[in-house]
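Here's the letter readout for the chains.
4 protein chains.
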Amino acid sequence: MYEHEFHKRVRYAETDKMGYLYYGHYAKYYEIGRVEMLRSLDFTYREMEDELKVLMPVTSLKCRYVRPAYYDELLCIKTSLRELPGKFITFHVEIFNEKNKLVNGGTVRLCFVDSTSNKTVTAPAVLIQKLKPYFPDSETP
Amino acid sequence: MYEHEFHKRVRYAETDKMGYLYYGHYAKYYEIGRVEMLRSLDFTYREMEDELKVLMPVTSLKCRYVRPAYYDELLCIKTSLRELPGKFITFHVEIFNEKNKLVNGGTVRLCFVDSTSNKTVTAPAVLIQKLKPYFPDSETP
Amino acid sequence: MYEHEFHKRVRYAETDKMGYLYYGHYAKYYEIGRVEMLRSLDFTYREMEDELKVLMPVTSLKCRYVRPAYYDELLCIKTSLRELPGKFITFHVEIFNEKNKLVNGGTVRLCFVDSTSNKTVTAPAVLIQKLKPYFPDSETP
Amino acid sequence: MYEHEFHKRVRYAETDKMGYLYYGHYAKYYEIGRVEMLRSLDFTYREMEDELKVLMPVTSLKCRYVRPAYYDELLCIKTSLRELPGKFITFHVEIFNEKNKLVNGGTVRLCFVDSTSNKTVTAPAVLIQKLKPYFPDSETP
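Chains as they are written, first to last, in my numbering: chain A, 284 to 424; chain B, 284 to 424; chain C, 284 to 424; chain D, 284 to 424.
Be aware that one or more of the hints could be misleading.
Each pair may be met inside one copy or between any two copies, as identical chains are not told apart.
[To be verified] In the DSSO-like style, the derived pairs of lysine-lysine whose C-alpha atoms are separated by at most 27 Å in a straight line are:
#, residue 1, residue 2
1, K382, K336
2, K402, K382
3, K413, K311
4, K384, K402
5, K291, K361
6, K384, K370
7, K291, K382
8, K370, K413
9, K415, K361
10, K336, K415
11, K345, K402
What the hints contain is simulated information worked out from the structure, not anything from laboratory work.
Please put together the full structure from these sequences, using the hints given.
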């Protein structure tokens, strides 16, 4: 298992007329969580796209909205991987407010696409290598 | 069952660097689908908020991303209700592209909150009345 | 002079905690205005990018916020061209609410870039041709 | 004069199909710049709204787009006040990329509105007090 935390503040642009963080913006918070998790492994999504020519389109998203998040709150995005990626990679996300109360929880699953052939591929070897130390009991998929 | 279709074009603002409709924007398409469905019943979300003092926060969202949607495509958002709302209301959404291929499918569940007391309530009677003709076999929840 | 009107409804996703259409979303309304104006001339921005390999990055934006726009209002985006495009094209935009009161006014200027060479170019000939009947006294720039 | 710098990374959600930071998102960067500038003075916009009951709607925005910003770039938002606020407050913004090249420059002007009376007011005294040390030659407006 690999886990990472990242903090992001709720901006006015993201609020709605209820005064809540609009429900559609959580997908962006999930994006930030997983990209910063990968960066913490010294693996950037930008380099994967530019150098490995691999894209990661989202294939499914699930979100539970537990309580509202409000303007200017500094939210904690907890992102975790529970298994090594293969054809897919699934990120588990929990978002907490400043009082450490759960605001939102969910999962997002992505696949890997070779941008040259436009075909799905398995996770890049370099990503597996960086993650393997955190999954000692896993066989390479 | 009550079903409604609404068309919306993919805007530049909504594309991402893959050239796809960004995955986080589908929640807004779902919002548009359900609001326009309610309007087709002569029931506006705006009036519900302003006159009945009832808000509808989202409690869960599920999305499957089947194929990409591209810039300037005129998407068809099909929204359906499969049962009368009670404490919750669940909208089923399917989004099709110009070739009538499924782009995205999912569900979004919302609850009803009295904005004066800030407590959850059941669906407003006026909404049930407008929907009832489409659910002849349902008992009032 | 060429003028075009297009209607767009304010969505929940676009409101902020003041209950206003967030000030940052007007740029998207301007985009919709100019793209639909071009479509009314039977010229689509999508084809220009795909077939002529010409992009139109924005070089400047000016906005005056006259009064708030509110949730669910059906706004009228009036877009006009006051001169034939050359190296640049300048769209004048006025946005009116349902009571025909001015909400927002501004201008946006874009240039033309050949996406193959990545160099700026003048407006595509086909666009000039479509616009010329509306500018009888203009010399071709 | 009071100046403040804040860093923000360009997210996938904010890119468009050209691969640029979409032109409409700069307004949000401007928002982040001014809110974080106020926070650096130990003055939060949230408290102003909640405790002083003062809102700050935007009255005008000017943006020059100098060069594109790209995905994952860590942009530096430089926000400055060149005079003490009175009925209006004008923020000057410059956004630089990782190579310290100017990406975007502009100004945004806001007014102050008492949310109880819905009337415009002058800048809150507490804000003037916090800013005054940086404007030694200014008379209180």
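Here is how each hint holds up against the structure:
For the identical chains of this complex, K382 and K336 are inter-copy neighbours only, at 24 Å across copies versus 41 Å inside a copy, given an alpha-carbon limit of 27 Å. Within a single copy, K402 and K382 get their C-alpha atoms only as close as 44 Å, which misses the 27 Å cut-off; across copies the closest is 21 Å, which meets it. Taking identical chains as interchangeable, the C-alpha atoms of K413 and K311 lie at most 27 Å apart only when both belong to the same chain, with a minimum of 24 Å there against 35 Å between chains. Taking CA atoms no more than 27 Å apart as the test, K384 paired with K402 passes between copies only; the shortest distance there is 19 Å, against 41 Å inside one copy.
In this homomeric assembly, K291 and K361 come within 27 Å of each other (Cα to Cα) both inside a single copy, at 11 Å, and across copies, at 19 Å. In this assembly of identical chains, the alpha carbons of K384 and K370 lie at most 27 Å apart only when taken from different copies (24 Å versus 34 Å within one copy). Within a single copy, K291 and K382 get their C-alpha atoms as close as 14 Å, and across copies as close as 24 Å, so both meet the 27 Å cut-off. Taking the closest pair of Cα atoms, K370 and K413 come within 27 Å of each other only inside a single copy of the chain (17 Å); across copies the shortest separation is 46 Å, beyond that limit.
In this homomeric assembly, K415 and K361 come within 27 Å of each other (Cα to Cα) only inside a single copy, at 20 Å, whereas the closest approach across copies is 41 Å. Taking the closest pair of Cα atoms, K336 and K415 come within 27 Å of each other only inside a single copy of the chain (22 Å); across copies the shortest separation is 44 Å, beyond that limit. For the homomeric pair K345 and K402, the shortest alpha-carbon distances inside one copy (25 Å) and between copies (25 Å) are both at most 27 Å.
Every hint from the earlier list agrees with this structure, and none is contradicted.
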